[in-house]
Structures are given as C-alpha cells and as structure tokens.
Amino acid sequence: MFVYVPGCSFMFLVVPCMEGLYIMSLTKGLTIIDSAKYLEIIDYTVQRIEENFSLLNTMNLFPVADGDTGTNILLTLKNGTKSITHIKNSELKYISAQFYESLMVNSRGNSGVILAQYFKGFHNGVGGSQNLTLEGLFNSLDSAYHSAYNAVSNPQEGTILSVMKVSVDFSELKSYESGNEALKALYEKSCKALIHCKNQLEILKEAGIIDSGAFAFTFFIEAIYFTLSTDTLKNKKQCISEWQKEIQAYTPEYSYQFKVWKEKLKTNLDPLTSNEDLKYRYCTEFLLDLESTKGNLQKELLAFGDSLVLIDNGSKYKVHIHCNEVEKLLDYSETLGTVHRVKVDDMKYQHHNSFDLDNNKEIFSPSANQDISILSIAFSKGYSDIMESLGADKAIVAKDSEKLNILDLLTALSSLRSSEVFILPNDYSIKDLIDKACEISFQNTHIIHSKTIPEGISAIIAFNETDNLAQNKENMTGAINNVKSVYVTHGYNENNRDAKSYFALHNNSLLLSGDCPKTVLNNSINRLIEKSHSLITLYYGESQTQDSINDIMLSLSTNYKSLDFEFLSSDHPDYHYVLAIE
Amino acid sequence: MRKVKVITGSQASLSTELAKEFAITIIPYSLNYPDTSLKEGVDISTEDFYKTLRKIDSLPSSSPPAIGEIINCIDAVNKDNTDIILITLSSRYSQMYNSCKSAVSEGGYKNVHLIDSQGASAYQAMMVIIVAQMALAGKSLDSILDCIKDFNNRSDEFLVFDTLKYLAKGGRIGKVKALLGSMISIKPIVVHRDGITTPLAKARTNKQALNKIISEIKSKVIDRNMKIAVIIQGIDVEGWLIEVEKQLREHFNIENLWHSRFSAVTSIHTGPKVWSITYHIL
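These protein sequence lines map, in sequence, to chains F and Z.
Using this note's numbering, you'd call the opening residue of the first sequence number 1 and step up by one each time.
Using this note's numbering, you'd call the opening residue of the second sequence number 1 and step up by one each time.
Simulated from the structure, these hints should not be mistaken for laboratory data.
Treat the hints with caution; some may be incorrect.
[Stated by the list, open to error] Partial list, computed: chain Z residues near chain F (C-beta under 10 Å):
hint, residue
1, P60
2, S63
3, M183
4, A203
5, N211
[Said to hold, decoys possible] Facing chain Z, a subset of chain F residues (Cβ under 7 Å, in silico):
hint, residue
6, S389
7, L390
8, S534
9, L535
10, D564
Beta carbons are placed, not taken as given, at the ideal position from N, Cα and C, and that holds for glycine.
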C-alpha cells in the first residue's frame, strides 16, 4: 500500500516481505539515469575539473610529480565528451560504450588510463539497459571500481582507487529512506575517503595534502549527487560547499604543512638531480592491437618498468608504463601486434619543470591555442638555437644522422602540445626513421621534406601562424624549392695523404673540390647563382678561425657586390661552411 | 552645394605638403618628454624627430590631442553648409577615437562624421587623401561615405620592419611577437587586420619583401586595367624607395603615386629603416 508522509516529496511503498516490513522509496525503482542524464553528469564533471585543473596539476605528487594530472584528466575526459555529444539521442548503452572507447584511445597519463578502465567497468554495469535505476547505478559504480583496480599492476591505497571503492553497496541501500539520502551518502563517503587518503600514502602524509587524481575523481561523484538528487538546489549546493571547504584545507594553498614541506624541498632541491627518485625515466603510452592472445601480457611488460596500467577492449590494449628502454619495449610489443598512437614523455624534464616553485606557473595549459607545432632536426646547438629563435617549437640536436634515434623523436613529439606537427628532417638519410616515428606517434604529423639545414630554416621562416595547415604546407614547401644549399667539408686527398681537400656537396652529391674553403665557396656560388638570387647566408662551423672567416667574408662581399650576405655561427664540427643561396 | 572638410590626427602618415595639397586639417599629437611636451608638426618637425630615433631608451611617449583641442580644430573649419569628416586610426591602437567621440558629443555637432579607419599610418593617410580628393572635386557626402564603407576591400598597407624592438617596446606588437628573439635577420611584413598589427609573411631582405608585397597586391589588382593610387614612405631608406617606385610602376597601372612620411608618433613604434607600400584600387 502507498503511504503519504506529509512534508516529504516522495510516496512510500510499503512492501510486506519475509524479513518484515521495510520501507522502500518509490524512487529506487525508477529510472534515474538515461542518456541525457549520463551526458549531464559527464559535462558537470568536466566543468568542475576544468575549473580546477591548474590546482590539480600542482597537487600531483603520485606516482611521479610531473605536474600534469589535471591536464591529463581534463583532456582525457574532454576528448571523451567530444565523441558522445553528437550521439546524445542514442541509447544509454551506446553512449557509455562510445565514451569509454574514446577514453581508451585518447587517455593521457596514469590517471587518464585508469579512468578509461573505470568507465569501461561502468559500461559493463549498464549492460544492455536503456536506463539505470538507483540500484543499477550503484552496481555500475561497483563494477567500475573493480575494473579499474584490476587494471593497475600495483594498486595503492590513498589514490584515486580508494575513492572509487566507496560505492554504496547493496546491503547498505536498504538503510536509506530515500534515493536522495543514498546519493548524499555516496557523496559524503567519497569526500571522507578523499580526505583520508592523505593518511594513507607516504608522500601525501609528508606533504599534508590529498591526492590529485582522487580529488579529480570526486568531481564525478559530486556530479552524480548534484544531477540525480531531487533535493532542493539550495540544500545540494550547501552540502557540496561545506565538504569543499573541508577538502580545501588539504590543498596546497591552504595546507600549512604543504608550505613547510615545499620550503624544505626548495632548499634541498638541486634542479639537476631532483629526479634521483626517478627509477624509470620515460612515461610511455601506446595502443597495441594483438594479433593473437598473449598469455600474461602484464607480467611481460612489467619486465620493462613499473606503474603499469594495462586496459583492454577485446584484442586492443592500451599500455601505460614508466620505463627506461623505450625502444626495446616498442620492438618487443611489435612482435605481438601493431603498435600505434605512441606517446613518450621524458619525466626527468617534466619533473624539473613541475617544481617551478617561484612562479606557480601553469604548465601545459590545455587551452593554449596552438594548433600547429614545428619540430626541426638540427645537427649542432648553433643550428637548433637559430631554428628555435625563428619559431621552431622544438629543435632536436643530433650530432649526425646516425646518432638520431626514435626515442629522441618520440619524446620531442610528445612534448609538443598541439594536435598537428610539422616535421623538418633537414637531411637526406633519416627518412626511414622519421617515417617510423610519424607512423606510430599519437599526433597528426606532416613531414615537410627539407633535405638540408638551409631548407629547414627557410621553411621555418615561411611558416605563418595566422595561415591554415594547407597554406603553411604550401608556403614552406615553396620556400624549400627556392633555396640552394651547399655543404663544405674536408677530406684527405687519395693520392697525397697530407693534402687536405675541401669538398662542396650539393643535392647530396659532390659539386666541386679545391684546396681551400675560400676557393671552394667562390666557385660554388659561381656555379649555382642565378639572376633571381639576391641573398646568401653563410653558416660557419666551430673549427674555423676568426681570421679565415673574416677573409672569406671580405672575399665574397667583394666578388658578389650585387648580393646581400649574412654570416652566422653554426658550431658544427664537420661542416665548415654551409651556404644558403636564395 | 554643401562643402566637405577633412580632419585627421597628426599621427597619420601625411606629409605637410600632402596635407596642404588636399586641404586636410591636422590635429597635432603630443610627444611627452620627462620635462616637456612638444606638439608634433608644430613644436618639432618630423624630420628633426627622426634624428633622435636611434636612442630607443630616451624616446618620448605620445598622447592624442585633448578633447578641448579636438573641439577647437573642428570649430576652426566648421562653417555654414559644411560637412566634416573626421578620420582616426584604429580604436584598438589608441584612445583617439574615443576622445573624438566625446568631442563630437560635447560639442553637439550634427555635421561631423567620425570614422574609425581600422588602420593607421599610410593606410589611414590613403583614406584621408582619397576622401579629401573627392571633397575637393565637389563629390557629395553620400558618395564619399560609400567610398569609405568599401575602403577595406580596395586597399591595404604593407609595412616592412627592420627591427621589432620599437614595436615591442610600445606594446603595439599584436601578433607579430614570435619573431622578437630571432638570430637571423628577418624583415617581417606586417598588415592591419581587425585594427591590429598582424604578420603577413617574413622575408630575409628588402628585395624579397618587395617581391612578396608585389605578388600580394597582384592577387587583388589582377591586371593593368585596374588603376591604383599608391603611397610609399620610409625612414632613412631613400635609395631603396627609388627602387620600390621603379618596380611598382613596372608592375601596376598607377594613377597617383604619393611620397609621404611616417609621423613622429608612428616612428616611435616602428624605429628607423621601416618602409611601407599602400595601395588603393580606384
């Protein structure tokens, strides 16, 4: 029979049963989550994380203090929402599936991968349902927790997992008088678990703050409470605000203990060795499409490093691991199947950056408006400085083309936060390596085929941030076609071992040779100059004396009065002179 | 028939000769030094000011005329049967537009038409000259205002900087910031877009810059049937401007080519060795 209780917004259904009478609220059996609600909850979560992502970054201490938990979680979830907003009218099971699949492919960082697995578990809880009841919700949260827990190779208390654990289990449900009470209890339990984590993890104990991944996760629980509870807006806001105040006490700005700990760290911190705690240097993520089932993949991968989170979607695995021998790991993985969407972050570099204690700078802001980055290969620091001063976002220095390896390329790519990357190889012989890196990297890479340093530099100059992708490609390729390059190096005469010869290389073949650089340079210009050329840039290497450089400068400007000249230092040990004629 | 008078600020790239030729009234800006304030074009000539440009740290700041001065200027040319067109530089560069707005409302003028040119320098000067030309030829106010509305589609100024130091110091660097630390000599080519300085392209030498500008103009001025008016100007680059004029005449059908000059106020933001080409399709 139905009982109306005055002053209460629910009707109570009193059900006689074997254990005696107990009251079950009508709302418990009702649908509380459909597709629209699911989307609302996710949107709310993303909004809250976005409000706090910079704080989450500064709180990031576990497993590695690389200051990007907030960024990683925000980007992971945002990419996820992008994939479901256009299907918002679909059934719940499709939306929850699409969401977790997108998270899996797009997840960033340790926390991102754990969240992907969490939402996979949530989807399993949804099963084939169109909608979820309150019980269904708690079931899904439980399934989500177990899914996430099982994916982490070394689960720790005091992290995001501890807060995930706190789903109201079935037996407790009965004690709540209404669905609203159950939802409120869920939220409060999560907040309590969050605050408790500072007592559970060593590093958090020392620093006096809570875990950032766990903190971010509570926004999801807050979203569930706020969106689904039919309590008044005032009451909900009040509850949330009170708990936020309590939690706030354990965040960097308000925690006195944190300030003390930070000061201590500052005095002990040697920027170059702050990462002595880093047993494994590279945070590596990739997707692995297995060709056949692999026995104990987790065990095999753990041989390479730690902090392993392994999640799967059938035969597609997402691997997140901290390791040192990245190339070996990738080579091994390729024997098992296809490796793609690789991301490698050098945590030594990030770790140092995160402790920008003086400035509290926002590191890697996801809203930074950069769509296209330029990655350029340089063969000396002199060249990389020039390239970066002209606008290359990153110039990798490799002494020669043989010394360049895929790890350098992958870490450089991962450090660029844009979705599109232009790569300038600036060499004839590294094509295969660059192709390989582009193939497996997670970014959209575009190779602009510069074969020499001058071509690369001209291409960088031709880049304009206000032009679009296609226009820039066209302009940069055009600039490459307009410049002629000559590399002047030396060798020893076959017949006379004492006589040094200078060789001019153009288009990857010998142009001419001579017994001194001045002659070779003058002759090369003679050979290649055309009427349309107006500028010659000469880069001189580190072995040339100031006298010989001056001598050459004088000679060239005198012989070619109608041309403009620019002389720059390149620091290169082997290429004594590099000419750019345009 | 009503007469049309044209007024603009001294910060536009208008030489005294051109201002006289087209009967344009100039309201002077002030150059503010620590111990004194000079009115540009009145207390100090632009050419004399250029001589002080190299010492970047002792350059003055500049300020637009006060509302009272603007009102005085308007009153001086405000006769019966007169419409006044007051053209200012982009409101995103300076307070001038707002000051003029206040002046017009305070003075209660019904016959003053305030125009934000959305540009500066010679782009603004081109608009002023074309408008003044039309006024002198007795064109109606409406046809002049129509021309102004369409001006953006038919005109552009390309500035080539020798250094970005001055632009950065003055804070008008807009989107051109990226090149500040460049270790190779770059000649940035800059245009006005949405009222701020925006990079168009980068060249290594003046010659390359000129080639690029010519090809940009050609994309709008398709053949010699289209007549254009041109303004060229530069600071300390007289020899080079001769070459610029020569090339422009070779490539385009130029009805009027005016040699103007950067104002003292603008030169504070550009530094020496800057030059620009402005065209307007007639």
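Checked hints:
Interface restraint check for P60(Z): the shortest CB-CB distance to chain F comes to about 31 Å, outside 10 Å, so the restraint is violated. At about 31 Å, the closest approach between the beta carbon of S63(Z) and any beta carbon in chain F exceeds 10 Å, and the interface hint on this residue is violated. Of the supplied interface hints, the one on M183(Z) holds, with its beta-carbon coming within about 4 Å of a beta-carbon of chain F, less than 10 Å. Because the smallest distance between the Cβ of A203(Z) and any Cβ of chain F comes to about 8 Å, under 10 Å, the interface hint for this residue holds.
For N211(Z), the interface hint holds, the least distance from its beta-carbon to any beta-carbon of chain F being 9 Å, beneath 10 Å. For the restraint placing S389(F) at the interface with chain Z, the shortest Cβ-Cβ distance is roughly 4 Å, inside the 7 Å limit, so the hint holds. Hint on L390(F) holds. Least Cβ distance to chain Z is approximately 5 Å, under the 7 Å limit. This hint holds: S534(F) has a C-beta 5 Å from the nearest C-beta of chain Z, less than the 7 Å allowed.
Residue-level restraint check for L535(F) holds (minimum Cβ-Cβ distance to chain Z is 5 Å; threshold 7 Å). The criterion of a C-beta within 7 Å of any C-beta in chain Z is met by D564(F), whose closest approach is roughly 5 Å, and the hint holds.
Violation of the numbered hints given earlier is confined to hints 1, 2; the remaining hints are satisfied by the structure.
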